[in-house]
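Student: Based on the provided sequences and hints, a complete structural model is requested.
Those protein sequence lines, which keep their order, are chains A and B.
Note that full-length UniProt numbering gives residue 207 to position 207 of the first sequence, counting from 1, and the numbers run on in steps of one.
Note that full-length UniProt numbering gives residue 253 to position 253 of the second sequence, counting from 1, and the numbers run on in steps of one.
Simulated from the structure, these hints should not be mistaken for lab results.
As the structure is a computational prediction, the values presented were derived from the model and not from experiment.
Glycine is no exception: its CB is placed at the ideal position from the N, C-alpha and C atoms.
Treat the hints with care, since some could be wrong.
Derived pair list, reagent style SDA-like, types lysine to any residue, alpha-carbon separation capped at 20 Å [claimed, not checked]:
#1 B:Lys74 with B:Thr140
#2 B:Lys187 with A:Glu135
#3 B:Lys185 with A:Arg147
#4 B:Lys185 with A:Asn127
#5 B:Lys10 with A:Ala128
#6 B:Lys187 with A:Gln151
#7 B:Lys185 with A:Lys223
#8 B:Lys187 with A:His26
#9 B:Lys187 with A:Asp114
#10 B:Lys185 with A:Arg148
#11 B:Lys10 with B:Phe21
#12 B:Lys187 with A:Asn90
#13 B:Lys74 with A:Ala128
#14 B:Lys185 with A:Ser150
#15 A:Lys145 with B:Lys74
#16 B:Lys187 with A:Glu113
#17 B:Lys185 with A:Ala128
#18 A:Lys198 with A:Arg232
Computed beta-carbon distance windows for the label pairs [unchecked claim]:
#19 A:Thr12 with B:Met188: 32 to 40 Å
#20 A:Glu83 with B:Ile111: 49 to 57 Å
#21 A:Ser230 with B:Val297: 39 to 47 Å
#22 A:Asp132 with B:Gly133: 53 to 61 Å
#23 B:Leu79 with A:Asn18: 37 to 45 Å
#24 B:Ile111 with A:Lys74: 27 to 35 Å
#25 B:Glu151 with A:Asp132: 33 to 41 Å
#26 A:Tyr24 with B:Phe90: 35 to 43 Å
#27 A:Lys74 with B:Leu79: 41 to 49 Å
#28 B:Pro108 with A:Asn18: 28 to 36 Å
#29 B:Ile110 with A:Tyr24: 48 to 56 Å
#30 A:Glu91 with B:Ser238: 42 to 50 Å
#31 A:Asp132 with B:Gly148: 23 to 31 Å
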Amino acid sequence: MNNADPAPAPATPILSVNNIEVIYDHVILVLKGVSLTVPAGGITALLGANGAGKTTTLKAISNLLHAERGEVTKGNIIFEGNEVQSLSPNELVRRGCIQVMEGRHCFGHLSVEDNLMTGAFTRRDGNAAIRDDLELVYQYFPRLKIRRASQAGYTSGGEQQMTAIGRALMSKPKMILLDEPSMGLAPQLVEEIFEIVKKLNEEQGVSFLLAEQNTNVALRFAKYGYILESGRIVLDGEAKALRENEDVKEFYLGVGGEGRKSFKDVKHYKRRKRWLA
Amino acid sequence: MDFLNSILVKPFADMFGAPDFLLQVLWEGLVSGVLYALIALGFVLIYKSSRIFNFAQGIMVVFAALTLVGLHEKGVPALLAVPLTLVVMFILAVAIERVVLRPLVNQPDIILFMATIGITLFLVGFGEIIFGGENKVMITEQLYIPTGSFEFEPFGGFVSIEQKDLTAVVGAIVLVAGLLVFLNKSKMGRAIRALGDDHQAALSVGISLSTIWVLVWFIAGVIALATGIVWGARAGVSFALEVIAFKALPVLMLGGLESVLGAIIGGLAIGILEKLFEIYWGQPLLGGNTETWFAFVFALMVLLFRPQGLFGEKIIERV
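Tutor: What follows is the structure, given as structure tokens:
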């Protein structure tokens, strides 16, 4: 968490994923050549419906795939100029790339503070620095400070999401892979969490790759977006441009598509067109 | 009527008729209970952090005790043999992680369980090759464990407490207290608990599985050595010691596989209850020797009513 200036999307990517293919259990082909880049200091959104491959993409980057019998069979992943697809998750966290998993995954029987402290597992810079960062996390998430002694399993969904993000912050990351932070949360809380993500991005210089189904919110906070469908990137562009795009409007934002006769027909037609393109 | 009387009334009349003898029985029960608790702790730690039911815990007790005695026989001073045995247990932990656990990561639980049976068989054979199969005597005096006994005369009666039993209890308390502090206060302890809660999440925050596994297997080795010394001092060191690990099974059913506290309380409860049952019910009514099965029947009863064990980790469910 260095206090670098939030340079407006510099050219150097912190992460680039090049044409990766992921196979689960040696037979199920989930990603069919996905490429994306995240600029240092940027927030990039990865959008798509259920089962499109968002989580798989993030897990391929953070190397948690192996634990689910998935593997990257083609392509490569470059983090800060080095190939990382063969590193252990532990080594990757040490280098500054950490994933916040979908569904929070807090350690239910540990207190909120113990949860946060587990995030510092890979750090070697001493207890004082870790304590300082704990205070910093509490500054961003004052609610967690109040609930620091409660068992995480008994805290609310929003608090668990905050705990999960705070825990990732404790590893002093340069980049956070954030998987569906909005899942199961009230719109107001979603807004609150995205505001904090934006603040972290601006003040701490943490880059984010954000997998979301909530296209509307994600495109408001991200600078750039990719749309994933059935394991392929079908569209990408500046968040603003994506918000204006007719297809996106129709399929993901639920607006636009004027003059159509039947929603089903239009969807079918447009999808076909996209597949054939 | 007579029958009910001999089950429900007479044992309690006996207890209160001779309180000094009752105290003696309770103490004996407590000592074996402490040992059961120690062995069960070894199981719990490994299960919590890797979901492996470690069948090899019993043989690790034997192996640790044999290594200690064997080193002493080779001329290593007793007090040096203890740390050396710990080194051996550490090497064993590293070897198990490298050779057995790492290649089997992500396999179904039953496969890992089978692998620990493999470890057991290997250690039996390996131990026999190195140390021979004959019984050995634990080097109690050389380790400065006192062997006399304290005698009290409470209630006008007579209670005798063997000093080595007392040492065992005190040693076990210190070990367990140390373990609890380690689990709750240290970074590694926190990581072990985190791993027990959510494997995936632990991986995602960069907790290194191999480090933690080596650590818990090493701790299990330390516990095995402590158990081996204590049990060896009472019953000698032989491969037959392995079966005491099975005594830990009812303890685990009672206490729950995931609870450190459950292992301790379960161990003590079973130790004391089986002694009481043996003396006051078993010997007069059933011809004695009930200690071999009492714990299992008791655990079975508990399972009928509380399948997660008495202290199994409370499953946190949010609605």
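Student: Decide if the proposed pair is consistent with the structure: Lys185 (chain B) and Ser150 (chain A), CA atoms, cutoff 20 Å inclusive.
Tutor: Satisfied, since the Cα-Cα distance of roughly 16 Å is no more than 20 Å.
Student: For the pair we were handed, Lys74 (chain B) and Ala128 (chain A), check the Cα-Cα distance against 20 Å.
Tutor: Measuring from Cα to Cα gives roughly 48 Å; hence the hint is violated.
Student: Taking 33 to 41 Å as the hint, is the beta-carbon distance of Glu151 (chain B) and Asp132 (chain A) inside that range?
Tutor: For Glu151 (chain B) and Asp132 (chain A) the Cβ distance comes to about 59 Å; the hint is violated.
Student: Assuming the hint says 53 to 61 Å, is it satisfied by the Cβ distance from Asp132 (chain A) to Gly133 (chain B) or not?
Tutor: Holds: the Cβ-Cβ distance is about 59 Å, inside 53 to 61 Å.
Student: Can you let me know if the beta-carbon spacing of Pro108 (chain B) and Asn18 (chain A) is within 28 to 36 Å?
Tutor: holds, 34 Å
Student: Lys187 (chain B) and Asp114 (chain A) were given as a pair; does the straight-line alpha-carbon distance stay at or below 20 Å?
Tutor: Given that 20 Å is the threshold and the Cα spacing comes to 9 Å, the pair holds.
Student: Look at the Cβ atoms of Lys74 (chain A) and Leu79 (chain B) and judge whether their distance stays inside 41 to 49 Å.
Tutor: violated, 59 Å
Student: Taking 20 Å as the top limit, are the C-alpha atoms of Lys145 (chain A) and Lys74 (chain B) close enough?
Tutor: It is violated: about 58 Å lies between the C-alpha atoms, which goes past 20 Å.
Student: Taking 20 Å as the top limit, are the C-alpha atoms of Lys10 (chain B) and Ala128 (chain A) close enough?
Tutor: violated, 65 Å
Student: Take the C-alpha atoms of Lys10 (chain B) and Phe21 (chain B), compute the straight-line distance between them, and say whether it is at most 20 Å.
Tutor: The given pair, whose Cα atoms are some 15 Å apart, holds under the 20 Å limit.
Student: Would the pair Lys185 (chain B) and Asn127 (chain A) pass a check requiring their Cα atoms to be no farther apart than 20 Å?
Tutor: holds, 13 Å
Student: Would you say the C-beta atoms of Tyr24 (chain A) and Phe90 (chain B) sit inside 35 to 43 Å of each other?
Tutor: Given range 35 to 43 Å: holds, Cβ gap about 37 Å.
Checked against the numbered hints listed earlier, the structure breaks hints 5, 7, 8, 13, 15, 18, 20, 21, 23, 25, 27, 29 and 31; every other hint is satisfied.
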